[in-house]
Amino acid sequence: MRKAVIEFKNFSFKYRVQKLPSLSDINLTIYEGEKVLIVGPSGSGKSTLANCINGLVPFSYAGVTEGDLRIKDQNPAELGIFGLSKLVGTVLQDTDGQFVGLTVAEDIAFSLENDCMEQSEMLGRVAETAGIVELTQYMGHSPQALSGGQKQRVSLGGVLVDNVDILLFDEPLANLDPATGKYAMELIDRIHRDSKATILIVEHRLEDVLHCSVDRVIVMTEGRIVADTVPSELLSSDILKKTGIREPLYITSLKYAGCDISASIHPEHINSIVLEDLKDKLVKWHENNIPELNEPQSSKILELKNISFGYEKNRQVLTDINFDIYKGEMVGLVGQNGAGKSTLSKIICGFEKTSAGTISLNGKSLDTDSIAERAQKIGLVMQNPNHMLSKPMLFDEVALGLVTRGKSKEEIDGRVFDVLKICGLYEFRNWPISALSYGQKKRVTIASILVLNPEVIILDEPTAGQDFRHYTEFMEFLLKLNRERGTTILMITHDMHLLLEYTERSVVLAGGRVIADARPASILTNDEIINKASLKRTSLYELAMRTGIKDSRAFVQHFIDYDRRIRSNGTDVKL
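Read in UniProt numbering, the sequence shown has 156 at position 156, and its numbers run on one by one without any break.
Since the hints were made in silico from the structure, they are not lab data. Misleading hints may appear alongside valid ones.
[To be verified] Here are the simulated DSS-like pairs of lysine-lysine, each with C-alpha atoms no more than 30 Å apart in a straight line:
no. : residue 1 : residue 2
1   : K532      : K346
2   : K532      : K242
3   : K346      : K313
Please build the complete structure, drawing on both the sequences and the hints.
What follows is the structure, encoded as C-alpha cells:
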C-alpha cells in the first residue's frame, strides 16, 4: 500500500490582505516517491499551494486557514518552518535570493553547520552532494559568479545535503537556456530515481518538464484543483485550453492537421506518441502549405559593427560582433547562459563601453551619447526585475520615467493606466511592489519601459515567469506595437516557442561571437548551431522526422506561418 506524505483535506487559505481565498476546498494526496507536476495560470494558487507545503504559509505569509494539512502525518503548524525544512527542501525560482554562503561549498554546508555537525562528517557530506549536482570543480567559486544553471544546482545541493524526503522546485526552468533546462529536468529525474524522494515541480513550461516522465499532473485555476491525472489523459483532454496553459507544439501541429488525440496513442512525449494512423493527415496538411510572403526590409535602425568587449583585460566576452536590425523588426537574440547576450544589451544602452567597434542608430553613431541620451530612444527591460525597481508602489514605479520627463498628471495617469491594462497589472495599480510575485514584478519593469514609447525596445527574457495567457497577451501587445507603431524590438530569450511564434529573424551568440543570423526555423533545425549555442531542437522537427517529412525546415516554417495566420485572424482550430 502506498504511503501518503502530503495530504490536503477540505483545505482553504486566504491571505490576510485579500478578500477572497487563494486556495479553496483543496483535497489532494501525494504519495511517497511520486514525481508530481503542478501547473496553472498566474493567480491559480499553485505557488500558494507550494508555500503551504514548505511552510512559507503561514510562517512568512499570514492568513486564515481552514481544513487539514499533513506533511508525513505531522501538522506543519506544530513543526514550525525549521522543522518543515528537515522534511521539505525548496529550490526557489530566484536562486540569488537563496544563497547564504560566500562559496559554493559554504552554501551547501549551511544547514549542516546549523545542526553543529562534526567538521569531518560535514566535509564528506558536502563533497558527496557536490558530486551529485556536478559542482565539485566549483567548490571555491562564489555562487553569484556562476551561470543560471549552476546557481540552480547550488541551491539544489543546499537542500539535498539535508537528505530531505520531499523536494519542491519553484519554476526551475524560468531563467535557463533550453539545453540547460533539458539538463535540469534530467538531473531532477536522476535524483528522483536514485534517492526515491518525493518530487514536486511548479512550472509553466509543460512540454519542457515532460521531457522526463512524471507520475501525475495537478492542474489548478482560481484556487481550485481542476484536474489530477496522468500526462496522457491531460494532453488528450481540453483542460489545457480551458485553463490557458500552453500545450506541446507537436500536439498543436497534429490538431491543426485534424488529428484526434487520445490517451491510447501515448501523447505525453514526442518519442512515445504513436503516429501510424496520423501520418497521412499530417503529411496532407503540410503539402497544402501556403508559403507566407516576406515583406521587403526597411531601412536600418540599429547597426553594430566590429563590437568587442571584455570585463577584464585580455579576457574578451564579445568578439567582433556584426549585425544590423531594421526598422520595425522583431528580432530574437539567443544563446547559452554566459554567451554575452545581456552584456551586448548593456553596451547598446551605454552601460558598458566597447573596447572596439561602433554602434549607430538611424545612421548616427551613439559612441558619444550619454546613457540618458540613449534612453530617450532605446529602452531596456532587464532580466532580473529586482535590479530595476526603485519605488515602493506599483503605480509610482511605472510612472517614474514620465515624472522625470516633466509630463502632466493627466498624461501620466492616462498612459500608465493604459499600459497597466495591457500588461495585466491594472487591478494591482495601488499595490506595494513587495506584495507582488516575481512574474508580476517582471511585468512592472516591462510596463515602466513601454510607457515611454521608445524607438527600440530591448527585452531581456520578457516572458520568464509568465503563464501562457499573460505571455500571449503581452506578446500580442508587442506585436501590435511593432506592426502599428513601427517600434523595433530586440528580444533576448531562452524561450524557443517565443522565437518561433514572434520573431522573423534570430541572431545566435556562442562563445561571444555571432554564429548565425537567420529565420528561427532554419536555426532550430540545424544541429551544429543548436549544439554550439545550447539550444534545443523543437518537437516540430522531431515530429517531421518521425512522420517521414524530409524537409523538416519547411515543415517547421509551415507551422509558424499557419499558426500566425490562425492567431492574426482571431480564429481557432477545433480541439
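Hints, one by one, checked against the model:
no. : hint        : in the structure
1   : K532 / K346 : holds, 23 Å
2   : K532 / K242 : violated, 38 Å
3   : K346 / K313 : holds, 18 Å
In summary, the structure is inconsistent with hint 2 from the numbered list given earlier, while agreeing with all the others.
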